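Got two chains here, separate frames each, mind docking them using the hints?
For the protein sequence lines, the chains are A and B, in the order given.
Heads up, the first sequence is in full-length UniProt numbering, so the first residue is 1 and it goes up one at a time.
Heads up, the second sequence is in full-length UniProt numbering, so the first residue is 1 and it goes up one at a time.
Derived from the structure by calculation, the hints contain no laboratory data.
Since we're looking at a predicted model, the values are computed, not measured.
Heads up, the beta-carbon is just placed ideally off N, CA and C, and yes, glycines get one too.
Among these hints, one or two may not hold up.
Derived pair list, reagent style BS3-like, types lysine-lysine, alpha-carbon separation capped at 30 Å [what the hints assert, rightly or not]:
1) B:K8 <-> B:K198
2) A:K267 <-> B:K91
3) B:K65 <-> A:K275
Negatives, chain A to chain B, calculated, CB over 10 Å [claimed, not checked]:
4) E80
5) Q86
6) I88
7) V136
8) C180
9) Q187
10) H251
11) S311
12) S382
13) R405
14) E413
15) A472
16) S491
17) T502
Computed footprint of chain B on chain A, listed as stretches where at least three residues anywhere in the stretch have a Cβ under 8 Å from a Cβ of chain B [as the list claims (entries may be wrong)]:
18) 100 to 109
19) 334 to 341
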Amino acid sequence: MAGSEEVLEGFLCPICVTDFKAPVQLTKHFEDFHNDDPEILKSLKDLFGKAKKKILKQDEMSCSFANSVPSTTRLQRSPESNWEPQEIGVMRSHTKYFKEIRNMRLERYSTETNKLLIRLDKLLNNLPTDPVDRKVHERAIVPWIDDKDVKLCPICAKSFHVARRKHHCRLCGAVMCHNCTIFLSLQDAKKMTSPVSVQDDSAVSPTSERPISERIVRAGIGLTKLARSPSSGSLNSVLSLVNDSTGSEQHFRICTHCANLLDAREKQKAKHFDKPIVCQFYEKMRAYMKEASQHVKMYNKMWESLNEGESTYNLEDAQALRIKIAKLGENIDLISKRISVLGTRCVENPPQDQELRLHHMVRVSAMIFLKEELLSVQALPSEQRYAELQKERQRRIEARIAYERQLEEEQRERSKEQRRKETWNLEIRPTVKENQPNVVLDQSQGWGPSSVAPIMPSSMDPIIEQMSNLRAYIKQARADCRYDEVATLESNLKELQSVYFTMKQSNNSDG
Amino acid sequence: MNLITALKFYITRMTEESGPGMKVLLMDKQTTSIVSLLYSQSEIFLKEVYLFERIDANVRNEGLKHLKCIVFIRPTKENIECLCNELRYPKYGTYYIYFSNIIAKADIKLLAESDEQEVVREVHEYYADYLAISPHLFSLGINTCSQGLLWNPVHLHRTVSGLISVLLSIKKCPYIRYQNSSEMAKRLAEKIREVLSKESNSFEFKQDSPPILLIVDRRDDPVTPLLNQWTYQAMVHELLTINNNRVNLSHVKGISKELREVVLSAEHDEFYANNLYLNFGEIGQTIKELMDEFQKKAKKHQKVESIADMKNFVETYPLFKKLSGTVSKHVTVVGELSSLVEKHHLLQVSELEQELSCQSDHSMQLQKIKELINNQQIREIDVVRLVMLYALHYEKYANNDINGLLNLLKNRGVSDKYVKLVYNILEYSGINARQNNLFDREAVAKITKKLFKGLSGVDNIYTQHTPLLNETLEDLIKGKLSLQTFPYLGSTMMSKKPQDIIVFMIGGTTYEESLTVHNLNKQNPGIKIILGGTTIHNSASFLEEIQHATSGILTKYKNNNN
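With the rest of the complex left out, here is chain B (with noise of 0.2 Å):
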C-alpha cells in the first residue's frame, strides 16, 4: 500500500515497455506535477527520457524522429484533443501512449482514426492519476473544492477518478463508510460506488480483510488546518508554501541563485526523510550537529594541499558534494523559518492558538486575544485567525463577545475581506455543520494528556493540538467507530477489524493529519493507513477553501450577530 511504490511500478514500466533508445515525456499539466513528485531528473534520465513535453504547448516544430514518445496524460477531452492533433502530424517516430485513468472506448477510437501514420505502439491505462506526497499521503491537486457548500461537478469528478486510481493501483476494493453530516462526503461515496460497480472487472483481487475507505469531510474540523505548525514538514508548508515539493525562497534577501527554489523530497534527501517529522526545536539541534561535522570535515577538506590530495579527497569522498549542498539547503530553510517566527511573534500567537483550541478559559483567552489584536507586531492574518478559533470556539456560548472582536479587528484597519473570513467559517463549519463536539472533545483530551505529561515532565505547549483524525482512526482501528455517524454505504458490513484503511479528506488535508497518520501506522503494526485529501492545505490556502465553498450562500450568521 506505499503509494510512492505504486506510482513509480507504473513510470518504470512505462519507459521499460518502450524498450532502449532516446526517449521524450510528453505530459499534461498535472501528470507533469505527478512524475515530478517521484523522481529527480538524474533519476529518470537514467530511464533514458531526456526531454519533456507538454501536450498542450502550441509550439509546432519539426520534431524528431528519432525518439521515442511516451505520452502520458489523464483522459480528458482537451488532451484527447491535442493527441488526436500530435497523431496526425507526429513529431516523434513511435508513441506509446498511457493514460493516467479509465478511458472511454470512444475516445480510443477517436485516437485510432487519427493515427494515420501508425506512428502509436501501445495504449494503455496505468492508473497513476493522483499526486504522492509520501508513502501514506496523497493529494489531488485541488485547491477549492466546492462552491456553495456543495460539489463543483468538475472537482468531484477528478476527486472520483483521483479515487478509483489509488484503488487500482493498490489494488484494492474497498468498503465505503462516509461522513453522515456531509452531504458531499455522500454524494462522493455514492459516486465511486457506481464506478466500483461498472468497472467490476478491473476491481477482482485477492484480498485477505477488504480495507476500508472512510471519507470525511474537513467542515468536522476547521480547527487544524488554521493552527500554526511546529514539525519540520507542516512548518514549512504553514510558512513558506510547500508546492509539488518545491519551496520557494527567491523573497529571502541575500539568497544564493542555487537555493531560490529548493527540493524537498523525502525521496532524495535522507536529512529531510529523517527529520521531517521533527519538531522546530529538534531541527535545529540535528541543523547544528549537521553543520559541526560539515565544518570539521570542511576543516579536514582545507588541510588538504596538493592537487592530488584534492583528488584523493574527492574520490575518498564522493559524496562530499551532495552533503554540502544538503546543509547548505536546510541552512537557508531552518534560519528562513525561525526569522519569520521570530518577526511576527509566531510562538505567543501559536501558544493561545493552542489555549484555544484545548482549553476552555473564556474569559482569559479574551483578554489575552483583545490584547494581540492591539498588538501591531501581530499580522493581521494572525488575529484573524486567532478570532476565527474563539468564534468556532465559543459560537454557542452565552456570553461570547465576537462582535466586540470584530470591531477590534476593523479598529485595527483589517481588511473587510479578512472580517468576513470569521462569518465564512462559522457558515462554513459552525457547530450546526460539525458532527463531533470539537472542543469538548479536545478539553477531556487535554485533561488525560496533561496528567500523562506531568509524569513525564514534558509538556510542549505549542503542540497540545491533536487533529480529529486522530480519534476518528483510532475508533475506526479498534471497531468502535459509530455507524450513526460513520454509517457504511449499502447494506454490506464489515465484522472484523480493519486493517487497510484509506481516509480520504473532501476539502483538503493538513501535514499535521499526515503526521498523526504516520504514528497510527508506526503505534498499530500490521495496520496501514493512508491518507488523502483534495490537497494538502496551510491556513492561507484553507482560508481560500472557505471563501469559495461559502460563496454564493445566504450569510445568515452575519444576519444574526448584527
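Just chain A, same shape as in the assembly (with noise of 0.2 Å):
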C-alpha cells in the first residue's frame, strides 16, 4: 500500500492522464483522440501485455494480509458466479388461511372468556358489603342453577352431603363442591377488569394485532388492557393465597373451569409485558453495534482519502471518530458481557441452560462482531506523516499539471482539430476544488440546526449570515458524525469566504 502512492495507478492515457476503467476504453480513447501516433498505440497495447504480467506477478509477492490468498488473483471465479443475478424464489404464504381457522376456533373461547369479564365487571360495580344484599345482588347479576337440580358434583362426581355442601360459582352460576371451586380475591378482579392505569404504562404493547376477544372487550365494557403486578406469578399462585383474615368478603367463590379460562386470558396478557432485562441490555448492544458499523463505514472513507494526502476531511475529525468507535466498541463489550454473567449469581431462580446458553451465544456474537468489524480499524497517519502526504500529494498534483502544461503547448501546436479535442482534455483535468458540489441545503434534506438555529440579527450582512449558518451546520454535522457533509460544507463556506473577501475588496475600491 505505501509503494503505490509514488505512481500513478490506472489505465492512464500517457498523453492526457485520462483514468480508464478498463484497457479497452483506454485503447479505444486512444485511437479515438490520439490516433496520429501509430506507434505509440503499438507501444501501448503491448505496454497492457507487460503491465498485466507485472501486476499480477506483484500481487502475488504482495506483503499485504488483504489479499490473503496469493492464488485468488491467478484463477478465474466459477462459472457459476457468473450467472444472471436472480430472484428470491417462489414462495408462498399460508398466513391468511391460518388465521381464519384459528379465529374460528378461538372466537368461542374469548366469546366465553369476555362474559365472565363482563358479568365479573358487574359483579364489583356497586357490591355491597353486608353478605345477604351481597347474595342477592350476584344472584341479579348471574343467575344460579337451582341446588335441586344437582345431586353430584359435576367436576369430582362425589355427592353432596352435610360435610360436602354445595356451593354456586359467581361467575357462571353452576353448583359444585368446595374442593371445586377456587377463590378469586377482590383486589386480583379489580385488576383483572380495571384498564392498565393500575399497572406501569411503560409495558403496553401496541394492540393492532390482537384478535378479536379483545376487541369485544373494549366494545363491551371499555376495558383497554388488563394487567398484574410482575410479582403475583401466575393466577393460580394468587388464587391459592386466600386471605383468611378478612373472611369471605374479600373474595369471590368461582369454579375451576372459569378460573382457567381467567388464567389463560391473564398468562396471555402477562407475555406482552414480559420484558426480561437481557432485552433492554440487548437493544442498546444492537443500538451501539449499529452506530458503529455505519461510523466504521464512515471512517474508512475518511481513512483513505487523508492516506491519499486528500485535503477532503479533518484529521483531527478522524481522531474522534476513531475515539468514538472504540469507545462503542467497549460499550459492546461491556453490555455483551454483562449479559453472559446474568442472572448467573442469582441462586433461588438460576437461568436454566438455555438463556445460559442464548447470553453466551450473544456474548460470542458480540465478540465476533468487535474483531471483524472493530479492530479492523487502521490506524491513522500522524500528524506529521499527513504533513508529508500532503506534501506528496501536492507534489503529485503539481507533476500532472506540469506534465499537461507541457503536454498542451506540444499541443497547440498542432492543426486546428487536433487542438478542439485538446480542449476537451483540459475539461476533465481533475480539480479538486472545482469537482465539489455546490451543495444547498435545506430542511428536507432530513435535519437541520434546530437546537443552534443562528441567533444573528437579521439586519446582517447576507453572506455572513449565511458563513454563519453554515458553521452552525457544520457544527451540527459533526455531532452527528456526518463527515461526508462537513467536507462539503467546509467547502461551501471556504467559498464563500472567499467572495466574501473579493466583496469586501471591490467595495473597498469602490468606496
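Here's what the structure looks like:
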C-alpha cells in the first residue's frame, strides 16, 4: 500500500493522463483522440501485456494480507458466479388461511372469557358489603342453578352431604363442591377488569394485531388492557392464597373452569409485558453496534482519503471518530459481558441451560462483531506523516499539471482539429476545488440546526449570515458524525469566504 | 440458477420477516443440514439468530418468552405433530413458521387449531428443501434410495419434493427427459409431472426458453463412483468423506483439538474455493506457496517486539489469524491425504483402475489385478473394486476370468460380504442394465485423447477417465441427445437447443461429475447446468447403495457363474 503512492495507478492515457476503467476503454480512447501516433498506440498495446504480467506478479508477492491468498488473483471465479442475477424463488403464504381457522376456533373461547369478564365487572360494580345484600346482588347478575337439580358435583362426581356442601360459582352460576371451587380475591378481580393504568403504562404494547377477543371487550365495557403485578406469578398461585384474615367478603367463589379461562387470558396478557432485563441490554447493544458499523464505514472512507493526502476530511475529525468507535466498542464489550453473566449469581432462580446458552451466544456474536468490524479499523497517519502525505500529493498534482501544461504546449502546435479535441482533455482534468459539488442544504434533507439556530440579527450582511449558518451546520454535522457533509459544507464555507473577501475588496476599492 | 444464492435468499427473508430482536431457529434434522451448509455460525449471528433447536428434541423446559422463534421444517407428519405440541405449549413468544415444501391444507388446519395462545405470526412455504453443496450441485441426502432395484416409496416421495423445491426456488418449469432404460427414472419423471400439473399455479414463470430436467440413473454408469479420485474435493470425499461440508479428522494421530473436525466450505474458505477442482499435485504446489508466504509473514511476525508493535501488526493485518487457520487446516488435510495414498499404494491402484475403465487389454489387466490381489499391502476394498471394474468391463468377454479372480479373493481371506458385492454390482449394473456401451465409448474417447495429449505433452494417467455424464450432456447441449434413449415425457418436445439444464442422477452423483458439470459450464457460456443426485457418493457409500439396491432380488449371476 505504501509503495503505490509515488505511482499513479489505473489505466492512464500517457498523453492526457485520463484514468480509464479498462484497457479496452483506454485503447479506444487512444484510437479516437490520439490516433496520429500509431507507434505509441502499438507500444501501448504491448505495455498492457507486460503490465498485466507485472501486476499479477506483484500481487503474488504483495505483502498485504488483504489479498490473503496469492492464488486468488490467478484463478478466475467459478462460472456459476457469473450467472445472471436471480430473484428470490417462489413463496407461498398460508398466513391468512391459518389465521382464519385459528380465529374461528378461538372465538368460542374468547366470547366465553369475555362473558366472564363482563360479569366480573358488573359484580364488582357497587358490590354491597352486607353478605345478604351481596348475595342478592350476585344472583341478580348471574342466575344461579337450582340446588335441587344437582345431585353430584359435576367436576369430581361426588355426592353432596352435610360435610360436602353445595356452592355456586359466582361467574357461571353452576353448582359444585368446595374442593372444586377457587377463591378469586376482589383485588385480583379488580385488576383483571380495570384498565391498565393500575400498572405501569410503559409496558403497553401496540394491540393492532390482537384478536377479536380484545376488540369485543373494548366494545362491551370499554376495557383496554388488563395487567397485573409482575410479582404475582400465575393466577393460580394468587388464587390459592386465600386471605383468611378478612373472611369471605374479600373474594368471589368461582369454579375451576372459569378460573382456567381467566388464567389463560391473564397469562397471555402477561406475555406482552414480560420483557426481561436481557432484552433491554440487548437492544442497547444492537443500537451501539449499528452506530459503530456506520461510523466504521465513514471512518474507512476518511482513512483512505487521508492516506492519499487529500484534504477532504479533517485529520482531527477522523481521530475523534476513531475514539468514538473505540468507545462504542468498549460499550458493546461491556454490555455483552454483562449479558453473559446475567443471573448467574442468582441463587434461588438460576437461569436455565437454554438461557445461559443464549447469553453466551450473544456474547460470542458480540466478540465476533468486535473482532471483525472494529479491530480492523486501521490507525491514522500521525500529523507529521499526514503533512508529508499532503506534500507528496501536492507534488504529484503539480507534476501532473506541469506535465499537462507541457503536453498542452506541444499540442498547441498541432493542427486545429487536434486542438479542439485537446480542450476536451482540459475539461476533465481533475481539480480538487472545482469538482466539489455546490450542495445547498435545506430542511428537506432530513436534518437541520434545530438547537443551534443562528441568533444573528437579520440586518447583517447576507453573506455573513450565510456563513454563520454554515458554521452552525458544520458544528451539527460534526456532532452527528456526518463527515461527508462536513467536508462539503466546509468547502462551501471556503467559497463563501473567498467571495466575501473579494466583495469586500471591491467595495473598498469602490468606496 | 445459482442454488446457494437461491437458498440464501430464502433464509435471509425468513430472518428478516420477524424484525429485530433475539431469535431462535427451530429446525428438523434435514433442515439443520440445509442451513448449516449455507451459513457459518458467525454469519447466522449477524441475522440475530442465537439459538438453534431441534423440533424433535424431547427436552421440555420453561422456554424463553422474549425470543422470536423461526420454525423452518419439512412438512412431514412427525414434524407437524411436534409443531402442534410446541404451539399448544409455546416456549417462545412469537412463532414464524416456514415449511420447506408444499404442505397440505389439512395440516395447516391442524396447526391453526393448536395455536390456542395465538403465538403464530406467519405461515409460509419457502422452497429450501435440498442440500446446496455448490452453486451448481445439490443433493437430497438419501444414501440408499432403491430396494430390489425399485424405488423405496419414502425415498421417491422425498426425491420428488426435493426436485420440486429446486424448480420452485430457481423459478423454472421444465420439460422432462428421462433415461428410457431405467424404470426408476421413468417413475420419478411421471411423479414430477403429476406435481407440476397439480401445482400449475405456482409454476407459471416467464421464461425465455424452458429448461430441461434430465433424469438419469446411476446404474448406467457404475464406474465413476468406483474410481479413486485425484481432484481435491473429490479426493477428500473419497478418502476422508465429506459430510455436510465437514470432514472428520479425529482418527488422525496427534491431531490438535480444533482440527478434529474441519469445515471445507467454498463459501467461507477462499483457498478451498479456488482449489477444490485442482488435482492433487497442483494442490501440493499451492499449499507450499501458501506456507512459504505464511512463514514469510510469521518471521515478520516474530520480529515484532514490543506490545505496541504487536497491536500495530494486528491492526494492519486483521486477516492474519484467518489465514493462519486456513493454512494449518489445509496442510493437515492434504497431509492426511498423501499419507493415505502412500500407505495404501493408491497410485498403483488408481493406475490400474483407470486402465480398466478406459482401455481394453484383457490379458495384461488380468495379470495386473492378480498381482495386486496377491500384494498384501493393498487394501481389501481396493482389490475388490478392481475386480468389480474387471467384471463390469469383461462381463461378456469370452475368456473372462471373473471366477478365478473371485477365488483369489477368497484365498486372500477377503470377507464374503465383499465377494458378494462383485455379483451385486453385476446385478445392479451389468451389461443388460446399461444402455450405453460404457467401455467401448471410453476406448474411442481414449484414442482421441491420447492423440491430443500426445501433442500437448501432458498426460496424466490417473485422470484419463471422464464420466459418461459428460458425453450425455454434450449431446444434450448440441441438441443431439437420442430421443430413443432419453425420451421426452409426454408429447411436447423442445425444438430449440436447451440453455438451462437440470440433471438429476438417481442413485447418487459424484464430485467427479460435479467437476464435469463445472467444466461444461465454463466451456459453454450461456448454458447453465445444475447437477443433483439422491446423494453424493464416494466408493464406500456407493457399495452400500449397491448392496441395498440388490437386496431381495434373485441373484442370477451367481447361479450362472458357479
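These are the hints, each one checked on the structure:
1. The suggested pairing of K8 (chain B) with K198 (chain B) holds, with an alpha-carbon distance near 27 Å, which does not exceed 30 Å.
2. For the hint pairing K267 (chain A) with K91 (chain B), the CA-to-CA distance comes to about 13 Å; that is within 30 Å, so the pair holds.
3. Distance check on the hinted pair: K65 (chain B) and K275 (chain A) sit about 8 Å apart at the alpha-carbon level, within 30 Å; holds.
4. In this structure E80 (chain A) is not separated from chain B by more than 10 Å, as the shortest Cβ-Cβ distance comes to only about 3 Å.
5. Here Q86 (chain A) does not stay apart from chain B, with its beta-carbon only about 6 Å from theirs, under the 10 Å limit.
6. For I88 (chain A), the condition that its CB be more than 10 Å from all CB atoms of chain B is violated, with the nearest at approximately 4 Å.
7. Consistency note on V136 (chain A): stated as away from chain B, and its beta-carbon is indeed over 10 Å from all of that chain's, at 37 Å minimum.
8. In this structure C180 (chain A) is separated from chain B by more than 10 Å, as the shortest Cβ-Cβ distance comes to about 23 Å.
9. Non-interface call for Q187 (chain A) relative to chain B: holds, since the shortest CB-CB distance, roughly 25 Å, exceeds 10 Å.
10. At roughly 27 Å, the least C-beta separation between H251 (chain A) and chain B is larger than 10 Å, which holds for a residue marked as non-interface.
11. Taking the minimum C-beta to C-beta distance to chain B, about 24 Å, the non-interface status of S311 (chain A) holds against the 10 Å cut.
12. With 10 Å as the threshold on Cβ separation, the claim that S382 (chain A) sits away from chain B holds: the shortest Cβ distance comes to roughly 13 Å.
13. For R405 (chain A), the non-interface assignment is confirmed: its Cβ lies about 39 Å from the closest Cβ of chain B, beyond the 10 Å cut-off.
14. With a least CB separation of 49 Å from chain B, E413 (chain A) remains clear of the 10 Å interface cut-off, as annotated.
15. A472 (chain A), annotated as away from the interface, keeps every beta carbon of chain B farther than 10 Å; the closest lies near 34 Å.
16. The claim that S491 (chain A) is not at the interface with chain B holds, since no C-beta of that chain comes within 10 Å of its own (minimum 31 Å).
17. With a minimum CB-CB distance of about 46 Å to chain B, T502 (chain A) clears the 10 Å threshold, and the non-interface call stands.
18. With 6 residues having a Cβ less than 8 Å from any Cβ of chain B, the stretch 100 to 109 of chain A passes the three-residue criterion, so the hint holds.
19. Check result for the stretch 334 to 341 of chain A against chain B: violated, 0 residues qualifying (beta carbon to beta carbon below 8 Å, three or more required).
The structure shown violates the earlier hints numbered 4, 5, 6, 19.
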